[in-house]
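Quick mapping for you: the protein sequence lines, in order, are chains A and B. Position one of the first sequence corresponds to residue 4 (this note's numbering), numbered consecutively onward. Position one of the second sequence corresponds to residue 961 (this note's numbering), numbered consecutively onward.
Among the hints, erroneous ones may be present.
[Unchecked claim] Derived Cβ-Cβ restraints for the label pairs, each shown as a range:
{"#": "1", "chain 1": "A", "residue 1": "143", "chain 2": "B", "residue 2": "1144", "range": "23 to 31 Å"}
{"#": "2", "chain 1": "B", "residue 1": "1148", "chain 2": "A", "residue 2": "14", "range": "26 to 34 Å"}
{"#": "3", "chain 1": "B", "residue 1": "1182", "chain 2": "A", "residue 2": "379", "range": "53 to 61 Å"}
[As the list claims (entries may be wrong)] Listed below are the simulated BS3-like cross-link pairs for lysine-lysine, each with C-alpha atoms no more than 27 Å apart in a straight line:
{"#": "4", "chain 1": "A", "residue 1": "79", "chain 2": "B", "residue 2": "1001"}
{"#": "5", "chain 1": "A", "residue 1": "248", "chain 2": "A", "residue 2": "73"}
{"#": "6", "chain 1": "A", "residue 1": "73", "chain 2": "B", "residue 2": "1001"}
{"#": "7", "chain 1": "A", "residue 1": "390", "chain 2": "B", "residue 2": "999"}
{"#": "8", "chain 1": "B", "residue 1": "1176", "chain 2": "A", "residue 2": "299"}
{"#": "9", "chain 1": "B", "residue 1": "999", "chain 2": "A", "residue 2": "299"}
{"#": "10", "chain 1": "A", "residue 1": "164", "chain 2": "B", "residue 2": "1176"}
Read the hints as simulated data drawn from the structure, not as lab findings. Remember, it's a predicted structure, so these values are computed and weren't measured experimentally. Just so it is clear, CB atoms sit at the ideal spot from N, CA and C, and this is done for glycine as well.
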Amino acid sequence: MITFSNVSLIYPNSQRTIIDNLSFTVDESELILVIGLTGAGKSSFMKLINGVIPHHTAGILSGEIIVDGKTTNLLKPGELSGVIGIVGQNPLNGFVTSKVEDEIAFTLETNGYPPEVMRKRVEEVLDLLGLQNLRDRNLFTLSGGEQQRVAIAAALVMNPKVLVLDEPTSALDPVAAEDVLAIVNKLVHDLGLTVIMAEHKLERVIHFVDRIVLVNGDGQFEIGTPQEIMQKSEINPPIVKAAKKLKLAKIPLSVRELRRLATDWQIKKSNKSEGSLPSDDLLISINDLSLSINDKPILKSIDLQINRGEILALMGRNGAGKSTLLKTISGQINNYTGKLTVDGKNPIDLVGRELVDLIGFVPQEPSDLFYGNSVAQECAMGDLDNKLIEGTTTKILHSLSNQIRLDLHPRDLSEGQKLILAISIVLATKPKILILDEPTRGLDYQAKEILIGILQKLAKQGTTIVMATHDVELVAEFASRVLVLAEGELISDGPTVEVLTASPAFAPQMAKVFSNQNWLTVNDVISADIDFKGKNA
Amino acid sequence: MSSLSWWLWSIFLATAAIRSQNTLFGLLLILLLTFVVSKYKNTNNWGNPFKLTLQLALAATLIRLFFAVLIGTPLPGKIIFSLPQLELPNWLAGIRVGGDVTQERMFSVFTESLKFAVVLIAFGAASALSSPIQVIKLISGRIYLFGVTLIISISVLPQIVHSFNRVIAARRMRGLAKLKLSNFRSIITPVLEESIERAIDLSAAMESRGFGYSKKPTRYRPEKFENQDLIIISIAVYLLIFTPILIKTIGVFPALALFAIFASAPLLLFKSKRVHV
């Protein structure tokens, strides 16, 4: 279906080789997963397939890519729009119109299909992706999962042979992500589509992909079955990590496979370390807090007490009100009813130094905080703005990570590095509370591990952490308490183990495998005494 | 009514009101447009362009009136009130700062600003009534780069407003409370960077989806150009041509009444609120 022959790619004004002499073939109706650290070149690789690179975005390409018998050297992306459907990382950025139906019909219109054919195709695709009751909606008012489904529908309407998806679930809650991935699986199996997909959350996809392309970052690619690549690669989902640490002969890919292996095991003793109990020193107190935006209720009568030293994870679907609650706590929203005090004060009254001494807020887009020309300047301005001793922010940055080059422009950092820089700026004033909105969005495994390390260290020093996240594995790793919001209501509040194991949507992989233990993380599993011969012995 | 008809209708009526050389026509048209917009507004549009242009027009009129009070050429006429006048050197004769404010002067400035306001508000009304994407589609198939640029600029606007708000909030959380002109850069830089990123993403997406490749793009649900559209546009054209003549022949108030009736044609021809495509 797709043949890469001796493909190399570099960008002008850059020393780095993105792709070095790559040759391989994607077969008809194959599901290929592309993995690699952020910035390794996954997106570049995906954009080559329909020729956006080099026809639209500059890039120097040698070799040839043939898709369905057509070479991309000679054809422009628009001429391949009937063969390849492409869905970008952020679907909202690629929407041309404002209505669901119009968006789906757009490619048909530009290709000059007659109206009768269009009507039929649009209906078919609406049915296929379950978008019938959203057809008249404005794209901006849809949830993240719905937007992603519309973007896929708009790509499928041309009946393409190849579908390219760049991190389709990175902004989605676990349930919406499952929806989208189930659709991808259906497309491959029922329609025989060839799908090429990049994805960071391997645990969601690895069990149903055919082959994995591992982008190493130095221009080299490794291609093989999931088993082979998982053996070689450092990028592993929890199941594979556990299997490797336990030195199992066969690497399981799904909860099912590991669970079947584990039926024979005898668990002698669980050595799960119990987290220290938080103090009973009340820090944030919320009583009967409600909030409406444009007459739409976003938060409904929230009651919540947070003690000093707690690590709180806020979970729930997209649009459940997580970000709004965080913004309210940090004093960015003032039209609520009810009572809110943070450390005895109302956060809205705080400005400047008073505010940043109490609350450190890392927004969903860390780059909102940046305005310097370089990392060094950014740190210097952080010191200047809050009248700190020169070098405070830089020192914190170095203690968090020594990988970040100070002369780079903040925009050129990887997602993980941007987050670390934002955290350093925020931590410079030593806030009592650190609030993070979706910190793991767009982070690869490596960056996530660094983040977890940083947050654990902060928690030990007594910083209270409140974060909104979809990432159950992150929550399992170190949160002490979990809240679940649904439609603006607090529906669940309790210790991490209790909340996460109560619902299959939120359960981490290890909890699903060892459902009779209260284990959540790979560490819980490997620290336990397990007799692998177990019952058979 | 199709998007194109709304645009033609508002442009023709605005021209007619200006050609009448009479403030009453302008004021009447503004009232009428406000009513029509409240009734037929395209709910799929982002934001409220009409409200924005109303505010802009009001602000522009007030600023002009303010300066008319303060500065101007001395016009003889009925004096409303007097301000202390600044003595200017001889070579600046013909200009006053402060001094007598006359009714004639205020009225002529008001008439002038009303013309500007009518054009602005008609523009706002047309964008609130129509779907900008539909209008662009009419032109864009023919001039490729023009179409890409227009679509990008229209769809990047909401995102700019959105990221602007986000960045302001983020600034506060960085401890920067006061908004000074000197650190304006800290807002503009992230907003612009994000807009450029979005514009590049969007143009790549349009390229991948074959925008501009086909010589004859088709319409999924073409906006029908019906008889009503034709009638309404014709009426607007007639008003454009005949308003000044009517004023001369039958007098201002009968002409105003006729203008009001004929300009309300869309209200009479389309009874129910329409959902725009």
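- prompt: Which of the numbered hints are not met once you compare them with the structure shown?
  reply: 4, 5, 6, 7, 8
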